[in-house]
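Peer 1: Produce the entire structure from the sequences given, and follow the hints as far as they go.
Protein chains in written order, with our numbering: chain A, 1298 to 1631; chain B, 186 to 734; chain C, 2 to 134; chain D, 904 to 1138.
Source of the hints: derived by calculation from the structure; they are not laboratory data. For each residue, glycine too, the CB sits at the ideal point set by N, CA and C.
One-sided excerpt, in silico: chain D residues whose CB lies under 8 angstroms from chain B:
1. Gln929
2. Ser939
3. Gly943
4. Ala949
5. Gln950
6. Met953
7. Gly957
8. Leu958
9. Ile964
10. Leu968
11. Met969
12. Gly1047
13. Met1063
Computed Cβ-Cβ distance ranges for the label pairs, DEER-style:
14. B:Thr669 x A:Leu1327: 20 to 30 angstroms
15. A:Leu1522 x B:Val324: 52 to 62 angstroms
16. B:Val324 x D:Tyr1036: 27 to 37 angstroms
17. D:Ala1083 x B:Ser723: 50 to 60 angstroms
18. D:Ile1033 x B:Lys310: 31 to 41 angstroms
19. A:Val1364 x C:Leu75: 25 to 35 angstroms
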Amino acid sequence: MWNFPLFPDAASSMAGQVDALYFFLVAVSLFFTVLIFAGCGYFAIKFKRVDENFIPAGQKDNMVLEVVWSVIPFFITLVMFAWGAVIFFRVYTPPEGAMEMYAVGKQWMWKTQHPEGHREINELHVPVGRDIKMTMTTEDVIHSFFIPAFRVKKDVVPGKYTTMWFKPTKVGKYHLFCAEYCGNQHSGMIGSVHVMEPADYEAWLAGVNRGETMAQAGERLFTRLGCASCHQEDNKGRCPTLKDIYSKPVPLQNGQRVIADESYLRESILKPQAKIVAGYQNQEMPTFQGQVSEDGLLQIVAYIKTLTKPDAVAAVAAPAAAAPKPATKGGNKK
Amino acid sequence: MSATAIPRVHTPPPPDPPVRPAKHYINATSGLASWLLTVDHKRITILYLISITIFFAIGGFFAMLVRLELITPQGDLMTAETYNRSFSMHGIAMVFFFLIPSIPATLGNFLVPIMCGARDLAFPKINLLSWYCFIVGAVFALATAFMGGVDTGWTFYTPYSSTYANGAVLTAILGAFFAGFSSILTGLNFIVTIHKMRAPGLTWFRMPLFLWAMYATSIIQILGTPVVAITLILVGLERGLGFGFFDPKLGGDPILMQHLFWFYSHPAVYVMILPPLGVMSELTAAFCRRRVYGYHFVALSSVAIAVISFIVWGHHLFTSGQSVYAGMVFSVLTFLVGIPSAIKVFNWMATMFKASISFEAPMIYAFGFIGLFTIGGVTGLFLATLGLDIHMHDTYFVVAHFHYIMVGSAIFSYMGGLHYWWPKITGKLYNDTLGCISAVLIFLGFNATFFPQFILGYMGMPRRYHAYPAEFQFLNICSSLGATLLAVGYVLPAIYFTWSLFKGKDAGPNPFKAKGLEWEIPSPPPTENFTKVPVVNSEPYDYAPGAGH
Amino acid sequence: MASHSQHEHHVPSVAHYVGVFLALMVLTAATVGVASMDLGRLNTIVALSVAGFKAFLVMYIFMELRHAPSLTRLAALSGVVFLAIMLIMIGQDYGARTVLHDPPNWGKTLPIDQNAPAAAATPAPAAAPAPAH
Amino acid sequence: MATHATTPNAHSDDHHHAHPPGFAHQFEDIGQQLDSTTLGMWVFLAQEIMFFGGLFCGYSIYRSLMPAGFEAASNHLNVPLGFANTVVLIASSLTMALAVRAAMLGDNKWVLRWLVGTLILGCMFLGVKIIEYSDKFEHHLVPGYNFQWANAAEAPGAQMFYVFYFTMTGMHALHMVIGAGLLLYFIYKASKNTYHPQYFGPIENMGLYWHFVDIVWIFLFPLLYLLGYHLGKGH
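Peer 2: And the structure:
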């Protein structure tokens, strides 16, 4: 009870910058608060009413003074805004080549998953010094993945992926909270993030019973659900190939272009006709809504990512480069 | 003594004690029906005063439950379910049934017609309808409480409130809907009265600043409240009939519900703070015995706050999946809306310069308000800063910030206004020293309760937590101690106000020797306020005639 | 009848109202006519502007805004303006999300140029069989 | 401050000069009363605009997110019936305006006739709505109530369209029912010869409310009915 810290420990690359901004704002606020408290105190004492009938002199309104004490605070706030926006962008822009981790919020537990396939409940082991990109979603209500020590938080919204990243810089065990009210055990939906030395992390990863990796699980699902029959490697199937498409632009049938990121892949699995690839009008693909769990979707998406060779970034390898298959069945079922 | 010698003038012998008018609006007619079916704006003020005080007590009761539970890290006083229902009822009772109507429905109802020089509001029957809407909403809210309460918080976020929550969500939604409708009708009445029923000679810039604040508040009440009404109806339909407005399976987006909800709910917090700012201007002018410095700027800053408050709500959604660019737009606009509030505080301080400040109870409340409103305002800047809000959103820092504004500033100024106009409303004087003591007690209790929560907030303690990690316990204990002191502070005025009703001395028309139309009529005023329509031919607060801008 | 109240109401003639009614009928028919043609995005713009003009006609004539004091017009306008504020501010969030894609894709060096010719990647949609809906 | 001094218990001399019937005491004169009631009505209508605005906002966001589903679903609506309904409602707006005009002239007999005409047209409108709603129930197009849609791809968008179709037209129909109730009240008042050139405020406000409900439908018709019209029939 008595060993109560007054400041959270800073254990991520961004924590220092957020704290610096915090202290800047504390300083500015303290300055203005003391200025106003002292001013009020002094005026209260100095101009105390002594004589009932004394009428203080009228005051001339001074436009310049009004403009000054509006514009100066506004410029100070612009500084706060700019500094805050820069940090906001950095926190919500995962760097390239970050280690992909997944988290699925479910009413009152966090299911985290490593790319190597190991799954944890309310626990997250991460190596120190590595950029970690979290791709998160929820199976029911809105939760919020919040690690105070890393100064980072992002709501998870049903029906889409939200991402955030952090780079742990200090080994240790830190709190993991759910910050968005999600029902009965909202306060029970907590856990801990273990930041470990890379060697210890590898040992821990090896030690734990390594199930199949995400990609392998994704591949198994990919074949079991019959995706492989259409989406063939060399584009012979009735559907576009999925080779080399991750995070590259996909020309759509209505002329727009979309980045094939996780959200696009997930949406195309659940609602195939939402964004049909150009050149493929037929709507053969059934919706898999309800047949694949959130974890399964993450695994399939992870598998599709492995189909993109990292070096094939620059070339615009639009998947439909090959001649589009003529739509075998005209029109579409009404 | 100070360099400027204050002229020593022989004070005349005290005038004979004021006599209470035989006939006034309280004893004009008697009987329950004359109260429940009244169309006199002053009587409707009393009806509202009683009903919102009851809800202040209910909200306070649930607040004490929450604070008692948080003394220990592990949730042992009550189950998580009961805790969630307690803070939800605390939120709903306080926001919809006390803070939104607090000043507009009581001091506003009483003073707007009198300050305008009118006999009554433009639509007296609609004024009574507004109270009955409040009562229907109150019945629904109490029904919610007795049906086991609701555990969605006062924000009703979907999909939890529409599909996963169990509890009387639909009744709570109806309660909030009718309370909102009552607020719309009050706003409508004020706008038409201020526009169309001002006394001859009372131009816009001769109006007291309280009227400016009530006008700005009415704009928000009229244009904001219907949006939360439709949003709550949509949540109700999604829960009741399965219409999936925000259901992701139909392509719906829960963030749209947050957008529509906060489109009203942020201007709603300005409905809660604008009337107190108006009361503050009146208190500063009366107890510095001087016209408020920069009258035009303070008046127009109220309207500026009202308009800009409609485009800033996105700061509630910074971490909710809202686009980063929309976040930046909302962040810069949120800083913009903070400026008019700063202008007001600086102008009040400038009014005090070389003034003659007396320290009756209302002025102690005014000083307390300036302190707490400043802290509340600057902590708002923290949350408007994008980089910090990522860390602080949904933590106790947010809880502390909005309590500094809602309790520290709004209720503090409501109390100040109540102390200032109590002699006018009831014709009775209360014990002034007790008034000052209660102000200091509330100030200390309030700071002890909510300042530790800023520290807890930056430490990362999330909101609405039934149990929390052990290292947060000490600060939570301080907060709970402060809460008890705060409760005592709030009970004290109830005691000496009621005492003053029976034992208080008669207050003459102008106990504080202030300037204003309301101080020119007897207290308590007759039913028709003015026997002859007043003609206003001077500047507001003209303590020093001829000074002018 | 010399009404002593200073509100001398100019009472428009019946023909006046019937004329507006006919105009509204014509506009409604026009809306339906235009809607039957496939003008792509233009359909919505035309539909809304015609509806807006019809609404303006009803407000201006039927609801007596023509000789209403400017305050009443301001009240009418404020409703529309704040509705526009709501639509724009909520729309800018969804617009930013769909068009600008949040940071994970922002700043990528990929040629995400919406109107760049699709480098022979996709034949012009016309070549493909008529998009039978 | 005010030059007016009140003796504490001065008996309030009745200095009001003679007022036309229907005058409310809190006003100075009938002109101020008319201005105030009209302004009050317009402020109420501004609030109603924001109330329906929430629905229009939700509709436009989802329509931009799911255009295909919305167009397919909208194509199911019976446009000729909708067009007929629009004609009926604009006609009722005309009769309402003529009723207000008759009230301004103090001609209570014609006020009564035009109001009854408006009421009949309003009921016709509601009748057509009932027909349309029952048709949707038969085709299982009521969301949340075993909603069925052939084309699986557009099913979510279609259901969302019908969610907004039922809510918007339902809210509009509710306002029509309230309007019809008010019309009955005003028909009763007109039969009592209450309106004359100085006192026609209430009728004018009723007219404002009715025209507002008409304007809401003027926007609803193109947005809901004509959305998928260019896709051709039976799609």
